[in-house]
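Colleague: Chains as they are written, first to last, in our numbering: chain A, 13 to 261; chain B, 13 to 261; chain C, 13 to 261; chain D, 13 to 261; chain E, 13 to 261; chain F, 13 to 261.
In case anyone wonders, no lab produced these hints; they're calculated from the structure.
Hints may contain errors.
[Unchecked claim] Straight-line C-alpha distance at most 35 Å; calculated DSBU-like pairs for lysine-lysine: (1) E:182 with A:182; (2) C:182 with F:231; (3) F:231 with B:182; (4) C:182 with A:182; (5) A:259 with F:78; (6) E:182 with D:231.
[As the list claims (entries may be wrong)] For each label pair, taking beta carbons as the anchor points, the in silico distance ranges come out as: (7) A:231 with E:101: 50 to 60 Å; (8) D:228 with A:169: 51 to 61 Å; (9) D:181 with C:231: 48 to 58 Å; (10) B:182 with A:204: 51 to 61 Å.
[Claimed, not checked] Partner residues aside, some chain C positions facing chain E, computed with beta carbon under 8 Å: (11) 129; (12) 132; (13) 133.
Bear in mind the structure is a predicted one, so any value in this text is a computation, not a measurement.
C-beta: ideal position from N, C-alpha, C; glycine also.
There are 6 protein chains.
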Amino acid sequence: MRLLVLNSNNSEIVTGKVAPVARAAASPGTEIVAVTGTFGPRVIGTRAENALAEASTLALIARHGKDCDAAMIAVSYDTGLRAARELFSLPVVGMTEAGLLTACMLGGRIGIVTFGRRVLPLYQEVIESYGLASRVCAWRVVESAAAYRAGAHPELDQELIALANDLVQKDFAEVIIITGAVMAGVPARLQPQVPVPIVDCVVAGVRQAEMLASLRLPKPRAGSFAFPDGREVINVDPAIAAAFAGKGP
Amino acid sequence: MRLLVLNSNNSEIVTGKVAPVARAAASPGTEIVAVTGTFGPRVIGTRAENALAEASTLALIARHGKDCDAAMIAVSYDTGLRAARELFSLPVVGMTEAGLLTACMLGGRIGIVTFGRRVLPLYQEVIESYGLASRVCAWRVVESAAAYRAGAHPELDQELIALANDLVQKDFAEVIIITGAVMAGVPARLQPQVPVPIVDCVVAGVRQAEMLASLRLPKPRAGSFAFPDGREVINVDPAIAAAFAGKGP
Amino acid sequence: MRLLVLNSNNSEIVTGKVAPVARAAASPGTEIVAVTGTFGPRVIGTRAENALAEASTLALIARHGKDCDAAMIAVSYDTGLRAARELFSLPVVGMTEAGLLTACMLGGRIGIVTFGRRVLPLYQEVIESYGLASRVCAWRVVESAAAYRAGAHPELDQELIALANDLVQKDFAEVIIITGAVMAGVPARLQPQVPVPIVDCVVAGVRQAEMLASLRLPKPRAGSFAFPDGREVINVDPAIAAAFAGKGP
Amino acid sequence: MRLLVLNSNNSEIVTGKVAPVARAAASPGTEIVAVTGTFGPRVIGTRAENALAEASTLALIARHGKDCDAAMIAVSYDTGLRAARELFSLPVVGMTEAGLLTACMLGGRIGIVTFGRRVLPLYQEVIESYGLASRVCAWRVVESAAAYRAGAHPELDQELIALANDLVQKDFAEVIIITGAVMAGVPARLQPQVPVPIVDCVVAGVRQAEMLASLRLPKPRAGSFAFPDGREVINVDPAIAAAFAGKGP
Amino acid sequence: MRLLVLNSNNSEIVTGKVAPVARAAASPGTEIVAVTGTFGPRVIGTRAENALAEASTLALIARHGKDCDAAMIAVSYDTGLRAARELFSLPVVGMTEAGLLTACMLGGRIGIVTFGRRVLPLYQEVIESYGLASRVCAWRVVESAAAYRAGAHPELDQELIALANDLVQKDFAEVIIITGAVMAGVPARLQPQVPVPIVDCVVAGVRQAEMLASLRLPKPRAGSFAFPDGREVINVDPAIAAAFAGKGP
Amino acid sequence: MRLLVLNSNNSEIVTGKVAPVARAAASPGTEIVAVTGTFGPRVIGTRAENALAEASTLALIARHGKDCDAAMIAVSYDTGLRAARELFSLPVVGMTEAGLLTACMLGGRIGIVTFGRRVLPLYQEVIESYGLASRVCAWRVVESAAAYRAGAHPELDQELIALANDLVQKDFAEVIIITGAVMAGVPARLQPQVPVPIVDCVVAGVRQAEMLASLRLPKPRAGSFAFPDGREVINVDPAIAAAFAGKGP
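Extracted from the complex, chain A is given alone in its bound form (with noise of 0.2 Å):
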């Protein structure tokens, strides 16, 4: 099968930290499709970016999602997702849906850290919109640019870990996610450092896609996830347009 995975944003320094992570993590036989945006915010940092990235979203499917079996939105704000699932015909998931569904069946309490004190209420709006803040149990915040940058992130790595471990010991988190795509790969670096697992949520949102394009399951015919029949749209991505129109993957 063949699995988009689509960095809403414009920053190929994400994409080629996701990409390789995303190989790593597929099925044998599933071929990642990585694109990145080409318009919007370099990165999602504020609610802002985010609003302006949903289009980003719903063009980069449009215009790669042809042959694939299923996407991928490697945006830790799984911006746009529920617009894709309602306007595309192949299975959807965001990394940070794909990543918590996947922590719900490793333990009870979920720990999370984000980067940057100015996105977490933006997380916690995502995960209160999925049903599911009953189950984070506490958050931690790193105010930290590392990750964007080449090589390797010592200091950082160990932040991280003290943060996880510090879930673990004051707040009883028994599985951890960190948030963000360009944490792609970081957590298999962490774990042995950290008693309970690290969810990788680019790992966990590339086989949860595979795991609904091996469902089959019909595009909804009914309710709000049923393709948008007969709506206008005007000066917008050609390639959206398309999709509108029914032309879209």
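Position chains B, C, D, E and F against the provided structure of chain A, taking the given hints into account.
Modeller: Just chains B, C, D, E and F now, with coordinates in the frame of chain A:
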């Protein structure tokens, strides 16, 4: 004061229904600046359209909000509300948010009428995201596009009256909200035949926006609603880009 | 319009602090009628006092509300709010209710400062009863009676500023509420040193009461807020008895 | 032990129905002291009456509680419960609180029958304030004043049986509560025709009050239920004033 | 009446601590029948042990409940409570359930002390399953096995007193619960040094069980707590098999 | 990989229905090891049977899980799931847990069909314990034992189709779950006549178990899902005793 009333859709007919109601609702001395979107959906009725219209909300405020004291999003999904509240300094309210908060002061149990089964989950998600789901006692759905046509709609009026009374009788609703910008002005017409208050969300939105403007509170300088300083966005509407560059209202 | 601002306590000093702030906050043309209770607690600070003051709220509106267009309960427990909303035809708001609903339009996470550990549970119960508990991110308690003394309170101001900033830093509060009618006017003084909006509940109460009056919605004729017709009460304040007899405002 | 059973209304007929049921329910050796209010509403059926009756609850306990070991509020809104629990040292329970907590040990899903559509929201607010809303699976409303008349009410009995069975059939209720002090003794009469337990709240209240008294726990010396020391109240019932002065039971 | 007090563990030492406290707590005329499990865990301290002990609860009631009027599960996870409530006709209460429901009548905010970090999530799940999570304000954990040793434990007592006071001071707890059957009798010893009531769950369990027995309510004949008629079980404890065959208490 | 699919009941007919569906659902290279319980209930349909079957789940994994990479509990109450997740090192999923989490990625509102009124509360408790109750929009109940008989069940199929469509029409369900291991394979048959996806929980369970195994996450070494080291259990199934002694899979 000047109040920007923005219809993030491209539907002049809806703006045409909203504007006079907003003008009638405003305090003496308030000037209503009513604008309509130039890209995205004709009328938002699906998740994908709503995602596209978030940028429309940002573009309209960026372009027309300069001399305004507050903005009211005249789209009943409150499309782009949080993003606008972050990107801009002027106060922004959503019409449904304003209607709900106003309803909270008029009764305990809020009954809601929506147009179309398909959008009911979208409204529920909006209301849950405000933390107000527990105030809503029940929903009713009208399947009718009559509201978008010009002229009187006595049959639709009768149906709405019947549903509102049913909410009161069967579900103990103590205050009623009818969703949809196109419903501006309708509640006043129905009110004599319904024994509990019906909130007109456009009217509430105008008054709440005036109220926020009157408080003269500062733009947050911390947290997720502070201005998103130093962010990089590309290939977006020039007015939005200018707003990110700190030149927005 | 005339707005009744009622202090259900017997504390002229609090009324004296509330009234000028209410006047400054009101729209041009709004006359503030400030009244003080004549029985019950000097200052509400306990559950039993709050229970006694419910009748005081009813008596004050019954006696002074006749020519008023709306009433605002200037007691931060919103004492007697629902009862007043039922018994009278004029719109009634509580200052904390108004402050909370206003705060909902200024940020996502609300931080609250209360005066005294003992009353914190009372405020929590009030906020839960509004269905707004999920919007409150954290609480801080000041143990000080300085606010009830005349003159400036620079030490208390500094403590409040420190607590507000602590709510922002540690709990990601995006908007702050300081409880207590006696705090009227204080938020404006503290605001320059706090990076997120601080809502003055008396100011919000005045503006929300004006807003409700402007809507000219009918008194409910059904449900738990309809007038309690044909009820028999004995040995109560004559103004309250008159209100039950249908002669209230 | 002596158990004060207080009807905060001025309705001797209700006290007359409650007292013998309380006596029959009490343990050997428990003396029931049944008293009726002397001011406020004849029968509480609205929000404003309930507010007035809070003082009645305090006055009754202050006046009659001296030689009692516990008090049970025989008003189904549990009027004044928290205030009484704070002001007095003797244990106090509300009949609906006691009925609900007892029902929690008899089944998972609680079905409730109320008298009159108008009061349903009042009961919901009471139950939400106890944190027990999630245990209630459904409500039914009877519109009948028959219960306040003397003699048998076979028609009302049949309606109550039908509603209780409907709660079991349609809403999977596993235990039933019928609200209203005037219903004292009725559940036992209906029980043979209902396949799940029906809790008599007066019976549960008596037994829970006895239970609390048997624990001999100290009056809280901290928190919102500690005695409100040093508070000043004016122009209130002398017995209440004495209680505030530390001379209450 | 006869009250079966069952320890589903195989720990005579715990039964030895529970039984005298239960006897002292019981009403005059109540005989306590204290029994200990014969299979499964020595002491439940993990999820797997708790799962095994559910059958132990059923076996103990099946074998010893015949001449009893009620049963109280003296295991603080209330192991097997719902199953027992279904399989048997006699009333059954769990000690933690009883302690929590009793605490609800003594204060608003409940603080809980548990023994060991590991079991905290188990208690949280129990309390959430009762719908009472919102009543719990905070938790403290003691890491100590001293309670299982004979004799006095002054150091443990001091630690418990400190934690209880910390719950009062920092988290505004208004009533305290200390989990664990082995804690029977300890709360009374700590009470003088803690300013809010501490509920002894064994005492509460005995009294609530007596209370349920006194109500003489019928076994449900419908719903999920009706007797499981006509079910087939194999290779289980003979007493359990007999109970399924309708020969249980 | 080898996936243990365990039926904790003693019902070979159910295992016989589950096994081929599990095999068809599995990835290439996955071997399904299907086993059936040897003690406890024939078919779990009550609380007491469910309690007994928890040990059966533990015994089956202890005995058959040695060479397996993951286990899937093919009992729709997910009987013993958390206990198994603690006692064993191999990943364990419950079929209903897996179905629900998968459904979360297919729509917002989940509609559920259960077999028998009596078990509905049991499923609700399971789903609440996962924190997913807010995702479930409505329930329907089928009273039929046809599913346990061999051969086709066209009448039952028609009833299920009608209920699923009713959930879509009346309650806006966007994805459907039909509970019961015996329903394995049925959703695919009904799907063409239902306009939203129907999740086959056995299929989802197989795929989610494969997914978990692929993550190769470590067994928790802290918290309530760490191995229960040094615990003493007596008179239990020897395989379970061996697992407690550290010799389990």
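Colleague: All the hints need checking, so say for each whether the structure fits it.
Modeller: Right, here's what the structure says about each hint:
Annotation: proposed proximity of residue 182 of chain E to residue 182 of chain A holds, straight-line Cα distance about 16 Å (limit 35 Å). Annotation: proposed proximity of residue 182 of chain C to residue 231 of chain F holds, straight-line Cα distance about 33 Å (limit 35 Å). The hinted pair formed by residue 231 of chain F and residue 182 of chain B fails the criterion: a straight-line CA distance of about 52 Å is larger than 35 Å. A hinted pair counts as satisfied when its Cα atoms are at most 35 Å apart, and residue 182 of chain C with residue 182 of chain A qualifies at roughly 16 Å.
With a C-alpha separation of about 50 Å, the suggested pairing of residue 259 of chain A with residue 78 of chain F is violated against the 35 Å cut-off. For a cut-off of 35 Å, the pair hint linking residue 182 of chain E to residue 231 of chain D stands: about 20 Å separates their Cα positions. Take residue 231 of chain A and residue 101 of chain E: their Cβ atoms lie about 52 Å apart, and the range 50 to 60 Å holds. Separated by about 57 Å at the C-beta atoms, residue 228 of chain D and residue 169 of chain A satisfy the suggested range of 51 to 61 Å.
As the Cβ distance of residue 181 of chain D to residue 231 of chain C is approximately 39 Å, the hint placing it in 48 to 58 Å is violated. A C-beta distance of roughly 59 Å is found between residue 182 of chain B and residue 204 of chain A, which places it inside the suggested range of 51 to 61 Å. This hint holds: residue 129 of chain C has a C-beta 6 Å from the nearest C-beta of chain E, less than the 8 Å allowed. For residue 132 of chain C, the shortest C-beta to C-beta distance to chain E is roughly 6 Å, which falls under 8 Å, so the interface hint holds.
Annotation: residue 133 of chain C was flagged as interfacial toward chain E, and the flag holds, the nearest CB pair being 5 Å apart, inside 8 Å.
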